[in-house]
Each structure stands twice: as structure tokens, then as C-alpha cells.
Amino acid sequence: MKNVSKIIPCYAADTSGVCSALYELGGLTVVHDASGCNSTYSTHDEPRWYDVRSKIYISAMTELDMVLGNDEKFISDVVSAAHDQEPEFISICGSPMPMMTGFDYDAVAYEIGQRSGIKTIPLHTNGTRSYIEGASEAFVEIIKAYAEETEKTKNGVNVLGLTPLDFPLGADRDIKKWLDENGFKCICTLAMGCTVDDVRKMAGAALNLVVSHSGLAAAEYMKEQFGIPYVCGVPFGKGFSKKLADHMISVITDSDSFSPFVLPCDGFPDADTIIIGESITSGSLAAALWSDMKITAKPLCTLPSHRFFTRHSAEDIYAEEDIEAYLKETAPKTVIADPLYKYILPKETKLITLPHFAFSGRCFAKDMHSLINREIKEYFK
Amino acid sequence: MIKIALYGKGGIGKSTCTSNLSAAFAKLGKKVIQIGCDPKADSTINLLHGDPVMPVMDYMRIHDEEPDRIEQISKVGFGGVVCIETGGPTPGLGCAGRGIITTFSLLEQLELFDTVKPDVVLYDVLGDVVCGGFAAPIREGYAEKILIVTSGEKMALYAANNINSAVKNFEDRSYAKVRGIIMNRRNVENEEEKVRAFAESSGLDIAADIPRSADIIKYEDMGMTCVEGDPECETSKRFLELAKLLISEDENND
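If you're matching them up, the sequences are chains A and B in order. Sequence positions in the first sequence follow our numbering and run 1 to 381. Sequence positions in the second sequence follow our numbering and run 382 to 635.
Heads up, a few of these hints could be off.
[To be verified] These stretches of chain A come out as covered by chain B in the derived footprint (C-beta under 8 Å, 3 or more residues):
id : segment
1  : 90-102
2  : 109-117
[Stated by the list, open to error] So, partial list: chain B residues that the calculated Cβ filter (under 8 Å) puts toward chain A:
id : residue
3  : GLY478
4  : ARG479
5  : CYS512
6  : GLY514
7  : ALA517
8  : ARG520
9  : ASP553
10 : ARG554
11 : SER594
If you are wondering where the hints come from, they were derived from the structure by calculation, not from laboratory data. All residues carry an ideal CB built from backbone N, CA and C; glycine is no exception.
In isolation and in its complexed conformation, chain B is listed as follows (with noise of 0.2 Å):
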């Protein structure tokens, strides 16, 4: 099982870039879960043609009670991609990354992975690495390799460099580890030369160059991600080979 979480500073594309990814996973036949991790619980809605799925924390919130099955707070969007959020608290109360935790304990109560059978598990999460929280993505179990998404801005490049040094602090821990960069651009100056050189100083591999295309905002105004609505397109190409790439690398694993 391809197991993988994509961090990436606050409005970096992370979002746009796992949905395009898992519908690429999904074009190539694989079997796909994608889970939000984010209080704004908008991971997956260009998988959903813009109906959003109930996050977790909403469930919980009206019920008072867990769900008792999956269906109760998945939704199954394009190509049988099977779509969880965990949301949040109400804005500025509770702790965001507690709820991250303890979505993630329900799943494993709800045996989501054995009742979904996945071949893919993508997790969308939220900025850095924040916090315990933010980090329970990539413990032991869940992802097993990282992507950073991350443009030539120097902001995004600061950040990228903040979670390649948290997932560091994890070294002697079994979590997951820095596959490599996805570089979103966002045509700044010298964006290639400068995303290239942190790669090179982390000794990062730059695993997709996602071009800035007018296709992503064209598509995501109609509640769909680029790979479904033009295939061809260069943008989907490149989230493609992505998907193929990762996949070689896992059978080569395996």
C-alpha cells in the first residue's frame, strides 16, 4: 500500500496538488483514500464536484456520539476516490491537532483501511508540523513517505524547511520520511534555481514540477480537479507521472 502525506506552508496548493494526485492514482486504477487534515475540511471537494463530505469533527459535533461506520463520514468522489475530512473545533476554541489524533483512532476503530482496502492513502495536512497533531500522520502506521509541496516564493521555501527538520527530529522514531519536493509554481523570479538549491542543501529529490496553468483555477471553478477535467493537459500529465513514479517505487519495494 502507497501510504503518503503532503505538507506545505498555508495556501501553498497542498489541497490542489493531493486531489489532482489521488485522481491521477485513481486514473491509474488504484484503489484511493484521501483524509483532509485540516480544520477547514476542504481537501477533497474538487474530488466531490464541490458537495463536500461531512468532516469528522462536524459529525461528533451534532451526534455527540462517533460514527459507527465509514459511510458515515466518507464520501466517494472521482474515480471511486474515497473522501474523509477530519475538520476542527470551532474557530479559536479546542485544539485543532487533537482532533487530528483523534479522527485518526476512530478510523482505526472503524477498521477503514481493512473495510476500503486501499491501494493509495493520501493525507492533506495542514501547514507545518505544528504540533503532536500535525504529526500523527506520519507515525507509524499511516504515511510512510512525505512530499513537500513548496514554490520559489521564500516564505513557502522557509516552511518547507521547517517540516524537513521536524520529520529530521523524528530520525530515531518509525515515521514516515521526506520522499521529496513537489514544486508548485507560482512564476517567481528564479523560482527553478531557487527551489532546486534547498533541494540540493536537504538533499531532497524534486519528485513533480507542477506548472502554474490557468487549468487548475479553470477546473477547480467547476468542482473538479485538472486530471478529470482534461487528462491530457500538461498540468495532468505531470500529476501522471507523479502517480507512476510512486507507484514504480512501490513496486520496486515490494
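If we strip away everything but chain A, and leave its shape as in the complex, we get (with noise of 0.2 Å):
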């Protein structure tokens, strides 16, 4: 009973994360699971959901289905769907049901691929582990069926992790214009604002940017495969992104003398303000907190994380209950974080918000805001 949550919500699953990282790509995905969750992985989960059209089913299992085991039924109607949507691919991912029953996601994609002759993607979800390993999971193997060797693209950038369960809507026009304006020439934000004739020529680029932890596992896999360098790190604030697209730089000229991580959180173990969130965009705030603001900060990663993001903070403090402890022992002056956190803050410490919509969904996300490449001085006043 460890990760019960009695006052926070815990955060949106890996099977919204797998929706999510591939709404925009023109596959259909299939969410294995009872009639009515759509609700939970597309609309609670997606902010796209009213305005912009994808393929995201789910299965309607039945009590019936699980106990008889009706892997026929779901694999025809998969089969019949695809028949009449004709989407570019096909995705299966799942939920806690089918994962108690050991659903056999490879062989029924085997099969789904066989008969509708759409190539077939499982993924392996199982509703009980965060948004960060589902959408991980699904930027690999897009990439692995998609990207294909091709020419490189001088200064040729990827932004890998990009979905908006961690960023506002915009955010990929809003990184496209700040690659722009640093002289790199953006092959694809994956997976806001790109197709998968994107992601076909992501093989071209001379550097892959990873903007959050769902990215990264990505990343490395196009760095063991296709040789492609990678930096994580967002461009917030104004001093943190020229740093960030001067070490991007650096990378694409020298990989081996560079490390993947520019972020200065490494030089303030007594911050005494704290930000609680995904590891690269706090990492990456902390930076730019200290850049522009000379305000010294540490990320406290609530989610999967490198170790590079917490080593001066605490590791693995994903319960409502550690969390709660950590914040107490360490009595911050400040925490920034999703507005939902305050409930568990000490009454000393004060909170400035910054919305996060795989904590709080549609909650807040009016008052989401970008901070790439702005100002960030006003909003941290």
C-alpha cells in the first residue's frame, strides 16, 4: 500500500502516455480495455482531444472476454477497424485487466499485422506504472519501424519526448522557432506537431534533443543505432537557451568530449527552493532559474528519472507519503510545482505554480504557460 495517494492524484498512466506520444502520427491505436475508459486515456489525459482528429479505440472487453479468453474477438475487431480506417499503423497497448489474464501482446500483434497486412506495434502497458515508460516505449518502436538511414542534415535536430502531458499546446512551434533562430534546421518534434513521413527522415539528424525523461530511452537507441550524439534539455528562459544551443553545438561538433546533460543543477545541493515535476523540464528550469534569475533551485523527480536529475535531491521518492517526508525534512523556502502539490506542502514553504498536466489534467491547463526561450523573470517574480 506504499503508493496509495490520499491526498494527491498520482499521475496520468503508461497507457495515456502511449496515446498520447502517438495521437498525432495517423496510427490507430487500440487501448485493451472495458467499454467507457476512452474517456480516461483521450479526453482527461489529452488536450487534444476536441480539436484534432486520431485514431484511439478501445476495446470494449467484457467480464466474459477476459475469463473465456477472446483473443479472436479482439484481433477480428482490430481487423475490421483498420479495414475501414486505413491508418498508417497499427498500435496495441493495454490495461490492468488483460495484464492479470497475460495477454500475449506480441503474438496478437503478430497476428493483427498477418491478417490486416497494416505492420502492428505492441506495447507493453499495463496501467500501473507512469506515462513516462508508456510513452518511452512507444517513441522506440515508432522510431524503430519508421526511421531509415538517410543523408544527414547539417545541424539537423530531433526533439524527442515532446507530448502534452508535459508541455502546453504549442510548445513544438515554440522549439521550432528557437532551433530556428539558432541556425539548426528541426527534422522532427516527436511526437507534437509531426507525421510519420517525420519520422522517416529522423535518421538524418546530427543531434537529437531530449525534452523530457520519455525521450531519452529513444534517444539512446538512435545513438547505439543510427550514430546520432543527444543533449537533454528544454530552452527556458532567455541565458539557459543560448547555453543549451551552444552545447548542442558543441555536441554536434565533438560528441565524445561533450555530455548529454548541460544543466547546472549539479552545482546546488543547498538550494533552498525546490521543483517537483519531470526530471529534464526541471532540471532544465532549475538552469534557467539560475541563469536569468541568479535564483538557485534542485528538481525533486516524483517520476522515472536519470540519476544525473536527483542526485541532490532523493532518489526514487514516488509515494505520496516520501514525498511528503522529504518536503518536510528538508523545509524549503520554495517549492514550483502543480498547483495540486500544496496540500502535502509544509506551511513555511511557498508555492508558485506551474501546471503540469499529467498530475492535474484539464485542472489547470489554462494557466499552463510556455517559458521557451521567454522571459521567465515575471512568471518567477
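Join these two chains into a complex; the hints should help.
Shown next, in the form of C-alpha cells:
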């Protein structure tokens, strides 16, 4: 019962991560779950649902389907929907129920692929992990399925790990503009504002920019498969955006000599400001606060993250009681976090709200602001 | 790598056959892993001189967390055979099939095959393919071949037929295929004819013919397999012949 949250919500689950990552790519995404659950993945966790069309389906499984192991019904329904919809690809993922019965995603995806003649990608979600794990697997698999060796583009950059679960709508345009201003050529912003055709061209990049932990596994895969180096960071603020762009140029020029981590959060172990959230965005914000305002802050990552981002705060803090205890013990002067964290902060701690869609969904969506390549002094004054 | 799952009616001698086959492979110089997939968790007991290994489900129940090393849930038995038991839930509660799936995910996480680097992996599976969990050992990446253990008894043949049909249902998937039958004799009337008739009607081969022998009980009482107790006895010879046959088939496939 360690991970039970009594006060704060839990983060969006891996299934939502898959749906969000693949939302704009033209595939048929099928979640093996009970009827009605589509709203969880596609409306509560998906701000694009009412404005952008996407083929997100639920298998509408019943108790008897589970008890009887009606794989055939699932397979024929998906094949039939695929024939109607003619998607670019099919992806199948699931919820806790198929996990309990040991649904074999690989074998079922193989059968669907054989019968439909459409590329079918199995994604092994079970609804018990965070959106980071689901999106992460989806990004890796879509790249494996579509990225092809191609001619290199000078200063070509892919942006990896971009979903509305971590970024406000329009973040892709802000990043593209910033890349353009700094002499980079944006190839693909996986996966907001991009298509499968963009994914096909990804191997032509000179660098991958990882903007959330969801994109890290894909970056590592592309480094191994296509020899493309990567840098982790989001161009928040003005000073850090410039520093990040300079670092990207250095890595493109000589990837062996530079770390993928440009963020200076290793300099602030005693910072009295804590940023709670996804690791790369939180680390980047800490870097921006230092560059633009000389504020020292450190991230507290309550989601899966690279050790680099947790070495001065705490590792593996996911449970509400652990987060609460850590904040009580460290008594930070200020916390920057989603508004719903206010209920577990120490009384003396000031909260600066930074809504996180993967945490509070639509509740504060209108208050989400892009900090990409913008002055941040006004927001954090 | 040779990866085989043994299925058959409950009480037909699957664990006896699997353990003797493991011991035979080990005797022929192979590095073997035997995974018992049965809540009773007694598959490997005769490779361990009666000193059982902690089943995976028991480990999780006691420690309330997953093991982080293979050694915590395995024991090395006769001939260096690495013995693992999935175990199961509290009798009458939970889900045994799900226990097998959980164990397999865990073994993958602990990189069992990369750590032990086995030549042979044998899965000893409870009874019929009753649900998704009990089909887990024949999914892609696990067993590649299935041996069905049966005697000439009607219910054993009935179960053998069910297992063969269940595997046929998975023809469109990259699951294991039935390699053949181990005829584990119970000395029933016209036993050989009955088993041969079933094998012929199902298009299966009798891979081994294990005689009814007091040696099996004698050595099991001593906590060991026949192959360990007396490698020269007729029963041991049959298991050694089967192991040699499977090795040569594997080599020819390579």
C-alpha cells in the first residue's frame, strides 16, 4: 500500500503515455480495456481530443472476454476497424485487466499484422506504471518501425519526448522557432506537430534534443543504431536557451568530448527552492532560474528519471508519504510545482504554481504557460 | 539453446521425467536450468536431494518485494542444474497462472539466461494448458518444443489430446510446437498400442519410451533422480538416449 495517494493525485499512467505519444501520427491506437475507458486516455489525459482527430479505440472488453480469453474477438475487431479506417499503422496496448490474464501483446500484434497487412506495434502497458514508461516505449518502437538511414542534414535536430502531458500546446512551434533562430534545422518534433513522414527522416539528424525523460530511451536507441548523439534539456528562459544551443553545437562538432547533460543543477545541492515534476523539464527550469535570475533551485523527481537529476535531492521518491516526508525534512523556502501539491507542502513553504497536465489534467490547463525561449522573470518574480 | 516444456495430466510423472531429463543433459556435459511451473513447487526436489529451493512466489510473499538476484530464488542441484520453482498463491486464493507470468517477467528482468548462459532450459508445467498463465512457457522466447508426457491410461491420453489441440490453436503465433510424446508406462493393458494409436492419429512421434520401474521410486525415496542414482539402469539409459536425440536435433538445426 506504499504508493497509495490520499491527498495528491497519481500521474497519468503508461497507457495514457502511449496514446499521447502516438496521437498525431495517423495510427490506429487500440487500448485493451473495458468500454467507457476511452475517456481516461483520450479526454482526461489528452488536451487535443476536441480539436485534433485521432484514431484512439478501446476494445470494450467484457468480463466474459477476459474469463474466456476471447483474443479472436479482439483481433477480428481491430482488423475490421483497420480496414475501415486505413491507418498508417496499428498499435495495441492495455490496462490492468489483460495484464492479469497474461494477454500476449507480441503474438496478438503479429496476428493482426498478418491478417490486416498493416504494420502492427505491440506496446506492453498495464496501467500500473507512469506515462513516462508508456510514451518512452511508444517513441522507441515508432522509430524502430519507421526511421530509415538517410543523408545527414547539417545541424539537423530531432526533438524527442514532446507530449502535451509535459508541455503546453504550441510548445512544438516554440521549440522549432528557437531552433531556427539558433541555426538548427528541425527534422522531427516527436510527437507534437509531426507526422510519420517526419519520423522516416529522423536518422538524417546531427543531434537529438531530449526534452523529457520519455524521449531518453529513443535517443539512446538512435545513438546506438544511427550514431546520433543527444543532449538533454528544454530551452527555458533566455540565458539557458542560449547556453543550451551553444552546447548542442559543441556536441554536434565533437560528441565524444561533451556530456549530454548541460544543466547546472549539480551546482546547487543546498538550494532552498525545489522544483517538483518531470526530471528534464525541472532540471532545465533550475538551469533557467540560475541563468536569468540567479536563483538556486534543484529538482525533486517524482517520476522515473536519470540519476543525474536526482543526485542532490532524493532518489526513488514516488509515494505521497515519501514526498511529504522529504519536503518536511528539507523545509524548502519555495516549491515550484503543480497547484495540487499545495496540500502536502509544509506551512512555511511558498508555492509557485506550474501546472503539469500529466498530474492535474484539465484542472489548470488554462494556466499552463510556455517558458520556452521567453523571459521568465515575470513568472517567477 | 535447447528450450523444452513438458506438459501432461496431473500425476502422470512430468516432474520425474523433467528431472531425469535435466540430469541426463547435465550428465552429457550441458548447463541446464529447470523451471518448475506448478504451485506445488516440487518439480526440482529430486535434483536437490530433498532440500527444496525457495519458490519465487514464496519469496515475494515473505519479503513483500521482488528478489534482485537469481541466487535468492534458485539452487544448484545435481550436475550443476540450476533449479527454480514458480510456486503459487495461497491455496484457494489468488491466481496461479498469473504467478507464472509474474515469475517469467521477473526472470527476464534478472537476466536469467544471460547470467547462467544455459545450453538447455526445461519447463515443467502443471497439467493442461488451462489458461493464459499456463501457456506462458510456450510463448516466443521461452520453450521452442513441447514434450507431452502420457501413459496408456484413458484420462492421460485425454489430457494429452487437449494439450495438443491447445497448442494447435496457437499455430498462427510463434509459439512452441509439439515435438512428441514421452510414453511414461504405467503397465496398463495394451498400453503401447493405445499410446501409438493416439500418436498416429495426432501426427506425433513417440520421442521416448520410459519403462515402469521400481528404480524411479527407489531413488526418489533417496531424494534423487534415477540418472543420478544409477546411470546404468534401463530407465536412466532411456533418458540419456532422449537427451542425446534432442541434442543432435538441436545441432542439426544449427
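Do the hints match the structure? See the list:
{"no.": "1", "hint": "90-102", "in the structure": "holds (count 3)"}
{"no.": "2", "hint": "109-117", "in the structure": "holds (count 3)"}
{"no.": "3", "hint": "GLY478", "in the structure": "holds, 6 Å"}
{"no.": "4", "hint": "ARG479", "in the structure": "holds, 6 Å"}
{"no.": "5", "hint": "CYS512", "in the structure": "holds, 7 Å"}
{"no.": "6", "hint": "GLY514", "in the structure": "holds, 5 Å"}
{"no.": "7", "hint": "ALA517", "in the structure": "holds, 6 Å"}
{"no.": "8", "hint": "ARG520", "in the structure": "holds, 6 Å"}
{"no.": "9", "hint": "ASP553", "in the structure": "holds, 5 Å"}
{"no.": "10", "hint": "ARG554", "in the structure": "holds, 4 Å"}
{"no.": "11", "hint": "SER594", "in the structure": "violated, 37 Å"}
Checked against the numbered hints given earlier, the structure breaks only hint 11 and satisfies all the rest.
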